[in-house]
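A.B. asks: Listed below, chain by chain, are the residues.
Number of protein chains: 2
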Amino acid sequence: MSRIAVLIGERFEDSEYTEPVKAFRAAGHEVVHLGLKKGSTVTGKREGTKVRIERAVAAADPGDYDALLIPGGYSPDHLRAYDGPVEFVRAFMESEKPVFAICHGPQLLITAQVIEGRRVTGWRSIVQDLKNARAEFVDAEVVVDENLVTSRRPSDLPAFIEASLKMMGVMVGQSA
Amino acid sequence: MSRIAVLIGERFEDSEYTEPVKAFRAAGHEVVHLGLKKGSTVTGKREGTKVRIERAVAAADPGDYDALLIPGGYSPDHLRAYDGPVEFVRAFMESEKPVFAICHGPQLLITAQVIEGRRVTGWRSIVQDLKNARAEFVDAEVVVDENLVTSRRPSDLPAFIEASLKMMGVMVGQSA
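So the sequences go chain by chain: A and B. First residue of the first sequence? That's 1 in my numbering, and the numbers climb one at a time after it. First residue of the second sequence? That's 1001 in my numbering, and the numbers climb one at a time after it.
Please keep in mind that the hints were generated in silico from the structure rather than gathered at the bench. Be careful, since some hints might not be right.
As the list claims (entries may be wrong) - Listed below are the simulated SDA-like cross-link pairs for lysine to any residue, each with C-alpha atoms no more than 25 angstroms apart in a straight line: (1) A:K131 - A:E94; (2) B:K1050 - A:V138; (3) A:K45 - B:T1018; (4) A:K131 - B:E1047; (5) B:K1131 - B:Q1113; (6) B:K1131 - A:G84; (7) B:K1131 - A:V138; (8) A:K50 - B:E1047.
Unchecked claim - Label pairs and their in silico Cβ distance ranges: (9) A:D139 - B:E1162: 38 to 48 angstroms; (10) B:A1059 - A:S155: 23 to 33 angstroms; (11) B:E1162 - A:R134: 33 to 43 angstroms; (12) B:A1058 - A:E116: 27 to 37 angstroms; (13) B:K1131 - A:A58: 15 to 25 angstroms; (14) A:E116 - B:R1124: 19 to 29 angstroms; (15) A:T41 - B:M1001: 47 to 57 angstroms; (16) A:S155 - B:A1058: 32 to 42 angstroms; (17) B:E1030 - A:K166: 53 to 63 angstroms; (18) A:G117 - B:E1030: 18 to 28 angstroms; (19) B:G1063 - A:R134: 32 to 42 angstroms; (20) A:G169 - B:D1145: 49 to 59 angstroms.
It should be emphasised that the depicted structure is a prediction, and the values quoted were computed from it without experimental measurement. The beta-carbon is built from N, C-alpha and C at its ideal position, and this holds for glycine as well.
Construct the entire structure; sequences and hints are all you get.
C.D. replies: In structure tokens form, the structure reads like this:
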């Protein structure tokens, strides 16, 4: 089973955290919450879901995790103002391990400068940013490009979760 | 005196609306609130400031206004998901009339595709987006490039307001 880093900050989109995490745990995967400050609590923008940060992302080793989940909402905008989250995302993408980003999640990929030439989707407000980062934007409920799974919005969650679980199954199978 | 369009949506950064508008009115300028829906009320993210939208931006004529103010916060991210605000900003920039954008405000300029080759600043989370849009990013409290005035954050407001008022004085003087 995989150990999944969830990179999360203030005012995340609740369902883009709760639903994948529920499905990942149900499949037997372990989830670890990374954020700006260990021991702090971040809150969802819509339903007020509380998440306790277990480890500061600046002190986390990407090598300790098998996959990375980046929920959307305003969380990615908060996180990408700091070096720690951006460097973690960059290292993770360079390791070619699975990365799952939804809604505003790809904003972190832009700041980390890791999506040039990659096929991605994301929330409609960031489409021009994705194109300017020289990613290939695709308007689909889920886009899978090698290690990267992206979706646009909460209504895409079933396809996003299915593709993410499938990728971890494949990756675990490959490395076993 | 100038008639200033304020393009504003949900969860704007309160001070980036209240302080420029107070200064503009004190200098004798008129302010008109444009947003997604006429008659709706939008709310500031920090202090809960309420602003009533006087005119739908999709129905507004850029020719009716002498200058454009774009406050930051999450407002620009909300607005740029729709064609009306993006087209208004594009038309306004093409008219070469004064545009004042602070914090996340330049996100609307990115989606409108009007900042290639322009000298700008903005909130640190959007720096890579500005560079990817081929703008020249400058880390300064205020950047003035022809008709465009940009600043980074609330603490830059005094310089932002001073440069904006000065530009309107110059522009009004030129057209008089």
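A.B. asks: Is it true that the C-beta distance of B:E1162 to A:R134 lies inside 33 to 43 angstroms, as the hint says?
C.D. replies: holds (37 angstroms)
A.B. asks: If I claimed the Cβ atoms of A:G169 and B:D1145 lie 49 to 59 angstroms apart, would that claim hold in this structure?
C.D. replies: holds (52 angstroms)
A.B. asks: Honestly, do B:E1030 and A:K166 meet the 53 to 63 angstroms range at C-beta?
C.D. replies: 58 angstroms Cβ-Cβ, so the 53 to 63 angstroms window holds.
A.B. asks: Starting from the range 27 to 37 angstroms, see whether the pair B:A1058 and A:E116 falls in it by beta-carbon distance.
C.D. replies: holds (34 angstroms)
A.B. asks: Compare the distance between the alpha carbons of B:K1131 and A:V138 with 25 angstroms, and conclude whether the hinted pair is satisfied.
C.D. replies: holds (22 angstroms)
A.B. asks: Within 25 angstroms, alpha carbon to alpha carbon, are B:K1131 and B:Q1113?
C.D. replies: holds (13 angstroms)
A.B. asks: Just to be sure I understand the hint, the distance between the Cβ atoms of B:A1059 and A:S155 should be within 23 to 33 angstroms; is that true here?
C.D. replies: The hinted range 23 to 33 angstroms holds for B:A1059 and A:S155, with Cβ atoms some 29 angstroms apart.
A.B. asks: Does 47 to 57 angstroms hold as the CB distance between A:T41 and B:M1001, or does it fail?
C.D. replies: holds (49 angstroms)
A.B. asks: For the pair we were handed, B:K1131 and A:G84, check the Cα-Cα distance against 25 angstroms.
C.D. replies: holds (20 angstroms)
A.B. asks: Are A:S155 and B:A1058 spaced within 32 to 42 angstroms by their CB atoms?
C.D. replies: violated (24 angstroms)
A.B. asks: Does A:V138 lie within 25 angstroms of B:K1050 when you go C-alpha to C-alpha?
C.D. replies: Given that 25 angstroms is the threshold and the Cα spacing comes to 37 angstroms, the pair is violated.
A.B. asks: Is the hinted pair A:K131 and B:E1047 satisfied, with a Cα-Cα distance of at most 25 angstroms?
C.D. replies: violated (34 angstroms)
In summary, the structure is inconsistent with hints 2, 4, 16 and 18 from the numbered list given earlier, while agreeing with the others.
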